[in-house]
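Chemist: The primary structure of each chain is shown beneath.
There are 2 protein chains.
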Amino acid sequence: MSNSEIIHTFLNPKSVAVIGASSNPLKGGNRIVNNLVNNRFNGMVHPINPNGNGEIYGLKFKSSVLDIKEEVDLAIFYVPNQKIPSLLKDCIEKQIKGAIIEASGFEEVGDMGLELRDEILEITDNFKKIRLVGPNCMGLTRIDGDSRSENKGGFFSSFGVFSYYQRGNIAIISQSGMLNGGYLMHIFSSYPKIGFRYSISIGNKMDLGENDFLEYLIEDPTVNVIAIYLESFKEPRKFLDLCNKVKKKGDKTIILVKGGVSELGQKAAHSHTGTLAENERLINAIIKQAGIIQANSFHELFQYARTFSMMYTTKKNFPKNGNVSMVAGSGGAGTITADLTHKHNLDFPVLSEPSYKVLLEVFPEWMPPNKFSLVDIWPAMEKAMMNNINPQLVTAKVYDALIKDNNIEGVFNMLFCSKLYRQFNDLSGIIDEIRNNPKPFFFWLVGDKKEVEKTSRFLSQHDIPDFPSLEDMVKNFKILLQESRNKSIDLLKTNSK
Amino acid sequence: MSNSEIIHTFLNPKSVAVIGASSNPLKGGNRIVNNLVNNRFNGMVHPINPNGNGEIYGLKFKSSVLDIKEEVDLAIFYVPNQKIPSLLKDCIEKQIKGAIIEASGFEEVGDMGLELRDEILEITDNFKKIRLVGPNCMGLTRIDGDSRSENKGGFFSSFGVFSYYQRGNIAIISQSGMLNGGYLMHIFSSYPKIGFRYSISIGNKMDLGENDFLEYLIEDPTVNVIAIYLESFKEPRKFLDLCNKVKKKGDKTIILVKGGVSELGQKAAHSHTGTLAENERLINAIIKQAGIIQANSFHELFQYARTFSMMYTTKKNFPKNGNVSMVAGSGGAGTITADLTHKHNLDFPVLSEPSYKVLLEVFPEWMPPNKFSLVDIWPAMEKAMMNNINPQLVTAKVYDALIKDNNIEGVFNMLFCSKLYRQFNDLSGIIDEIRNNPKPFFFWLVGDKKEVEKTSRFLSQHDIPDFPSLEDMVKNFKILLQESRNKSIDLLKTNSK
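If you read the sequences in order, they're chains A and B.
Going by the numbering used here, the first residue of the first sequence is number 1, and it counts up by one from there.
Going by the numbering used here, the first residue of the second sequence is number 1001, and it counts up by one from there.
The set of hints was computed from the structure by calculation and includes no laboratory data.
Where is the CB? At the ideal position from N, CA and C, for every residue including glycine.
Mixed in with the good hints, there may be bad ones.
[Unchecked claim] Simulated coverage check for chain A against chain B, where a stretch passes if three residues somewhere in it have a Cβ under 8 Å from a Cβ of chain B: (1) 145-154; (2) 178-188; (3) 330-337; (4) 342-349; (5) 448-456.
[What the hints assert, rightly or not] Stretches of chain A that chain B covers, calculated by requiring three or more beta carbons in the stretch to come under 8 Å of a beta carbon on chain B: (6) 11-21; (7) 96-109; (8) 205-211; (9) 311-322; (10) 371-377; (11) 400-409.
This is chain A alone, in the form it adopts within the complex (with noise of 0.2 Å):
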């Protein structure tokens, strides 16, 4: 089988068998079983146990794999380390294709899961026998459809809890279980309308890698954004091969998290996922051929991964430049923006003749505009109300000069949330042309947390991203001038040979 073939029947099995299928509902060998039947798997799915006692989930129970009449794409394991051998012979007899192995204690424990190794490698001969996902993982997950949809459903082999979900165009490929689970969770109720499409937990992997999975989703067109935590590179050329390839693609982009890049870092993988040290200039030196984004936490990848999801979706057209404008009203919140905007190499650049005359015409005489482009917006919307037209009106006119200026590529914007002067957050009228304009509009909200959220929930439902902090809200346009001078070296590479 090629790898595309491989990675395909371990993303989309038509039947799997659960070894270690429980009717403890606190075990994880209940909640894998539960997962494919609620989420509506639509392949077959046979729980294995030999004390299993009936039904689990209306499915009856069967003592071993080789009681199941039928073909048996996957078998997912959820079983102690030790029993795994034994039963791993008896897929190789039913001929089945690919094992996920979920249990721990392996290569991260020392001598005894080592020996444990070698015989799975015996076993197998080396893989040629049976392919294999894990061990010391979470699993695989694809999603088809929200969980709250008519459409609900897609493959879930974790044994994490997995009742609320959204489908996405990001993928996440994980040497730690837990951003395949508790966290992803976590990313879905703090985030309105991130969607997901694989979740890829690929522990000690002992068998297939990151680079075997990446390899599939560079061809997959319903990802866009390829969200990675590695603790070790399996084979760093091919990563970087990889990593080219997905450069000269227009709506793909790749952020790493790279864990155990010091030395206590490798100390604590080395317990996590047995991974031996690796150089850290080298793993530095790799990444930054790789020309992808880096981030430095689990916070950044998954802020970075949505904003780029949202990028793509809305077909944003990063920035070639670095140069910005922001829309505030708080002389302090756009003074230390234009420090960190400078710190992380961007501009304010100063703004075209035709948009500084339509600022002009709505600041009022005693408090001009600025001639760069930090647009203070308070004393134009204190003019507006003195007038008593409606503020939001002052925010159109001044966007449209934004989006129209050449000079500029994209727009930081400061919103003052609160119940009361619920009309300096109202973006109902003017959402459309935030949305459906080419230039990024990133926005940081401030005010009661109720009225921040509802705020937060509206411009998300619109793919328009909002950041908890000036700092993120910079580096995340940062990430996008990033990724469009990585690609454009890239072609200029292409081009020139």
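Use these hints to put chain B onto chain A, whose structure you have.
Modeler: Just chain B now, with coordinates in the frame of chain A:
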């Protein structure tokens, strides 16, 4: 009057005149009177407006301060800039001691504003006849009691909406009115239980500035944390002297955000508060010499302020060496935190023998604990559950060992919060030990948003901070180390004299 007497009068006036008081609830001059009356300011309030008709919040309008019979300590101005000189003359005639000028349109708008300033300097004889806060500010706030308590009260001269607030040990001094207004409301509603004692908006600081208020706050026993936002230093030498005084106090910390450190930021600051450009290297030298905590954004400023506030409230010891432990249920989170810990010059030290023995007891044989102080607690939890032991008892044992371990100065915690598995985030049995032991305990919460927020509220009710990202958690520990070094370096200097 001494500086202390002047500032005391500004923060604790016995009677005030609100010049520009208005019957229109949408106007700032209405909200100032509203804030004073409804928040139970216990002095006299005189609404002044020559066009004022009848009463406002039960108080009779007067045409001029000269119509008031009683003594008046302060005049709060909410009128357009052009009207201020002549009204100030009335205040001087009435022998009012201080004026808070909230209008903008002075140094920041060029020639016209500079002329106004010169006029004010002449009228006041360089502020010998009356002292001044502002212009271009949000006034002064003193909080005596929480808005929802019986002790509700204080002094409130801001034109912002001031309906929900809590008293605490933090004071703000800011050149951005937003931090004293909309953003402060944001902070109150975002961080349950954060409390402030004063909110001081100094605006363009034409007369009184950061040093005058800082000098007063250093001697005020109700304040432990002073959070400052500046766009310029008024007298850098004096500022350094005051910071040195703070270093000698065991119970006070200054946190500073400096706006306008870059050329772009200075352009923004100039159009905001009329600040003239300062040399970036000079600014950095001042901050370094001052030995204070520097924050890069508003988000950091208030997060750091909250952390110090809680640490002082619970009398925690600040770390001296940066040796921290982590208790996490995710190897990936442990690895990333190890990298971040290294990045910020902290360390996970080796556990002492007695605490390692405790870990050996609670961990299963197939997954022994690390010898260094990163505790991946999940296997121990699993072992407890298999033996029908409450996993919280395991957490309690581990915490107890870490608290007794002399190698360790604080504990990071990752907590999985889910309604289904509440046994993992139910800290009720051990919260008192977490709070009352001398080591800082920091939390990172992951899981369902509602459950995360519930746990966060519970922690903050006990003055224990949680953070939205691992990097925030690590940075907030780093500043404790930095502050203990600031103070000990200074103590060394003092001792060697």
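Chemist: Compare the structure with each hint and give your call.
Modeler: Each hint tested on the structure:
1. 145-154: violated (count 0)
2. 178-188: holds (count 6)
3. 330-337: With 8 residues in contact (Cβ-Cβ under 8 Å with chain B), the coverage given for the region 330-337 of chain A holds.
4. 342-349: Three-residue rule met by the region 342-349 of chain A, so holds; n is 4.
5. 448-456: Since three or more residues must qualify, the claim that chain B covers the region 448-456 of chain A holds, with 4 doing so at under 8 Å.
6. 11-21: violated (count 0)
7. 96-109: holds (count 4)
8. 205-211: violated (count 0)
9. 311-322: violated (count 0)
10. 371-377: Since 3 is at least three, the answer is holds.
11. 400-409: violated (count 0)
Checked against the numbered hints given earlier, the structure breaks hints 1, 6, 8, 9 and 11 and satisfies all the rest.
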